[in-house]
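These protein sequence lines are chains A and B, in that order. The opening position of the first sequence corresponds to residue 1 in the working numbering, with each subsequent residue numbered one higher. The opening position of the second sequence corresponds to residue 1 in the working numbering, with each subsequent residue numbered one higher.
One should not assume that every hint holds.
Said to hold, decoys possible - Facing chain B, a subset of chain A residues (Cβ under 10 Å, in silico):
no.	residue
1	57
2	63
3	192
As the list claims (entries may be wrong) - No farther apart than 25 Å at their CA atoms in a straight line, the calculated lysine-lysine pairs in the BS3-like style are these:
no.	chain 1	residue 1	chain 2	residue 2
4	B	243	B	35
5	B	73	B	210
6	B	35	B	73
7	B	210	B	333
8	B	210	A	104
9	B	124	A	104
10	B	243	B	333
11	B	124	A	200
What the hints assert, rightly or not - Over the 10 Å line for every Cβ pair with chain B, so calculated as not near, a few chain A residues:
no.	residue
12	1
13	12
14	38
15	48
16	56
17	99
18	104
19	119
20	121
21	127
22	132
23	155
24	158
25	160
26	188
Just so you know, the hints here were simulated from the structure itself, not pulled from any lab data. Where is the CB? At the ideal position from N, CA and C, for every residue including glycine.
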Amino acid sequence: MTRSIVVVSAGLANPSSTRLLADQLATATDVALRSHGEAADVAVIELRELAHPLVDHLLTGFPTGDLAEAIETVRHADGLIVVTPVFAASYSGLFKMFFEVIEKDLLRRKPVLLAATAGTARHSLVLEHAMRPLFSYLRAVTVPTAVFAATEDFGGARSGEFAARMETAAGELADLVVGAPRAVPADPFDNVTPFDQLLKG
Amino acid sequence: MQFGIFTVGDVTTDPTTGYTPSEHERIKNTVAIAKKAEEVGLDVVAFGQHHNPPFAASSPTTTMAYVAAQTSKILLSTSTTLITTTDPVRIAEDYAQLQHLADGRVDLMLGRGNTGPVYPWFGKDIREGIPLAVENYALLRRLWDEEVVTWEGRFRTPLQGFTATPRPLDGVPPFVWHGSIRSPEIAEQAAYYGDGFFSNHIFWPASHTKQMVALYRRRFEHYGHGTADQAIVGLGGQVYMAKNSQDAVREFRPYFDVAPVYGHGPSLEDFMEATPLTVGSPQQVIERTLGFRDYVGDYQRQLFLMDHAGLPLSTVLRQLDMLGSEVVPVLRKEFAALAKPGVPDAPTHESLVAARQAEAVAV
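Given these sequences and hints, build the entire structure.
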């Protein structure tokens with residue numbers, strides 16, 4: 001079976017180390033899913049391309065164009081890989097905006113792998129002190145192992161440990177995705193509460 | 001089909017001149033706009049209810065009674081009457097009183113209101129918005145339909161042997177529309193009672209309006225009020241016109257760019273594409289409006305928002321002249337030619353009285 005894995009990347013530069021980490025995690029997740037006899041169908045959402053529609057959404061209350069499509073992609077995802085650069089001791093504003101404008105229950109019960117990048121490893125607790133509470137609030141199921149990449153992790157003596165951590169996280173995501181029910185989003189227009197039930201209060 | 005305008009009654013600075021009207025001026029302008037609407041041949045004018053600045057429109061029935069006295073044909077409605085924070089006993093009595101003064105030229109549109117603090121100012125909680133709308137309206141119906149009401153609920157003090165006065169004109173309460181932008185429960189409520197459903201339509205994409213109206217129609221049929229095609233649907237719309245479409249865009253853009261609801265966000269062009277806003281020639285407004293029928297079916301009421309974002313009175317009156325002389329006559333003819341047979345008109349006091357008499361004869 002093919003599972004829909006959606007990558008949300010808030011990298012700003014091109015090429016971006018955030019996107020680089022996101023792609024490596026997506027590949028590792030595909031490998032892990034294959035060990036279950038399944039595969040990943042990966043879609044990537046680059047938030048930079050949605051920056052203007054995101055501001056418009058905050059001001060008007062509805063998504064337009066590519067942003068509306070991106071939200072639908074997340075709605076139908078079986079699992080998410082979310083990656084942000086660290087700005088001012090937290091996830092970037094652009095990253096937060098995307099998760100502010102999606103509907104409240106869109107991520108409920110969805111497995112989510114958390115990842116972040118920064119210039120130095122000193123920022124790594126952003127994963128646990130900023131990102132994990134955000135996704136707990138959104139009622140997502142966060143993968144126990146989160147992945148942080150400082151610039152030095154992309155090479156150097158300890159990059160083997162980094163690769164192992166990615167593999168662990170991707171394996172955990174794959175386990176959750178395989179064990180989770182398929183994403184079948186409810187349509188509020190199909191399942192309206194009958195009025196006599198509303199009248200009972 | 002009915003055509004008209006709706007207003008929210010905002011006091012907004014004209015961004016092209018920096019001029020801000022006083023509340024007094026805004027309220028008198030609203031009356032002038034309503035009288036103009038009748039003069040140019042529109043069928044409906046609807047007034048807002050708000051309890052916070054920058055609005056000067058807390059008491060719609062006061063304005064409606066004043067306008068009723070100075071007009072003779074136009075139907076007076078609301079956009080919207082706050083069913084959540086207004087005591088349903090006051091709504092029952094205020095609108096019945098107004099019916100008598102206006103000789104039945106009255107209906108109303110219920111809305112919940114989305115300004116958080118207004119709820120606690122009136123002793124309510126915005127998180128209870130839907131339950132408030134449900135309970136209050138159920139009580140409002142009983143107060144109009146039953147002479148003596150004994151009632152107990154969650155949100156107001158119980159009533160023992162209460163009679164709302166005056167009784168509705170000719171024993172027929174005003175027709176009720178339920179307005180909503182995004183809540184399926186309100187479409188369900190309108191369908192349950194066989195009331196009208198009004199989709200705000202102006203701030204959200206058409207795809208959303210289509211879903212809400214389709215739900216209302218399906219449930220209207222489910223509750224046995226008629227076929228889905230016979231449900232009573234109203235739509236908002238927002239237009240700015242000039243003979244030449246480039247002039248319309250040039251004149252409206254400074255107002256659009258800083259407008260309270262969507263200003264500083266999407267471009268005028270993007271917003272026109274995403275929502276039913278039409279800025280252009282009367283012919284473009286005609287074509288766009290006729291297109292609404294493609295996704296909601298034959299409908300009964302089209303209201304346009306014309307007097308917002310700080311547009312000066314003189315401009316609004318010119319817009320109404322154009323709407324009345326160049327747009328609405330064509331829309332009337334074209335919609336009538338397109339309409340499927342068997343689609344009813346929006347109820348009026350006269351039609352509701354006639355229906356009640358026919359029912360009495362049948363029994």
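Hints and how they fare:
no. : hint             : verdict
1   : 57               : holds (8 Å)
2   : 63               : holds (9 Å)
3   : 192              : holds (5 Å)
4   : B:243 with B:35  : holds (24 Å)
5   : B:73 with B:210  : violated (32 Å)
6   : B:35 with B:73   : holds (10 Å)
7   : B:210 with B:333 : holds (24 Å)
8   : B:210 with A:104 : holds (22 Å)
9   : B:124 with A:104 : holds (24 Å)
10  : B:243 with B:333 : holds (21 Å)
11  : B:124 with A:200 : holds (19 Å)
12  : 1                : holds (31 Å)
13  : 12               : holds (21 Å)
14  : 38               : holds (33 Å)
15  : 48               : holds (18 Å)
16  : 56               : violated (4 Å)
17  : 99               : holds (19 Å)
18  : 104              : holds (13 Å)
19  : 119              : holds (33 Å)
20  : 121              : holds (39 Å)
21  : 127              : holds (32 Å)
22  : 132              : holds (27 Å)
23  : 155              : holds (43 Å)
24  : 158              : holds (46 Å)
25  : 160              : holds (48 Å)
26  : 188              : violated (5 Å)
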